[in-house]
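A.B. asks: Hey, can you work out the whole structure from these sequences and the hints?
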Amino acid sequence: MPVARHSDRTGERRWHLAVPCAVAAHGFALSTYFEQPFLALAATALAMIGLMAAVPVFWNLPSAVLTGAAAASGIALVNSLSNLSGFVGPSVIGLITQATGSSRAGIVILALFLFVAAGLALTTRRERPVLEPAEQPARPTSYQVPET
1 MPVARHSDRT GERRWHLAVP CAVAAHGFAL STYFEQPFLA LAATALAMIG
51 LMAAVPVFWN LPSAVLTGAA AASGIALVNS LSNLSGFVGP SVIGLITQAT
101 GSSRAGIVIL ALFLFVAAGL ALTTRRERPV LEPAEQPARP TSYQVPET
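Numbering (UniProt numbering), first residue to last: 1 to 148.
None of these hints come from the bench; they were simulated from the model. Backbone N, C-alpha and C define an ideal beta-carbon position, used for all residues, glycine too. It is possible that some hints are incorrect.
To be verified - Derived Cβ-Cβ restraints for the label pairs, each shown as a range: (1) 2 / 100: 34 to 42 Å; (2) 125 / 38: 37 to 45 Å; (3) 79 / 101: 48 to 56 Å.
C.D. replies: Set out below in structure tokens:
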């Protein structure tokens, strides 16, 4: 939550998404490197910290880039693709594990996809900062006669 809160406070999304994705990718990659179960578990925990920090920032992107009906459609598309990947991903990882005899190759592929996600996050366009109501320029609500 601190990453999402800081992202909301500063209005910056790209680095607040890219860095947690990179942390998660490093965590998954490290978990395949360590032979000791405790260190592999610690690296996996680091990966999960990165993933959980990226999720709330990620869900702000469709509504920041798209507006109106396009935003609703974009969010629905992202949700549909994530549901599909939740079905296909474990099957593919299982097939890779069966083919190689180890789960390391599947975890390395997860790390590679997270590195790609970090890179893609940095290519998103910058959004204009949203001003708080107190920071917005004052607009007259009706015509006011200036005092003389």
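A.B. asks: Does each hint hold? Answer for all of them.
C.D. replies: Hints versus structure:
no.	hint	in the structure
1	2 / 100: 34 to 42 Å	holds (38 Å)
2	125 / 38: 37 to 45 Å	holds (42 Å)
3	79 / 101: 48 to 56 Å	violated (35 Å)
Violated hints amount to a single one, hint 3; each of the other numbered hints is respected by the structure.
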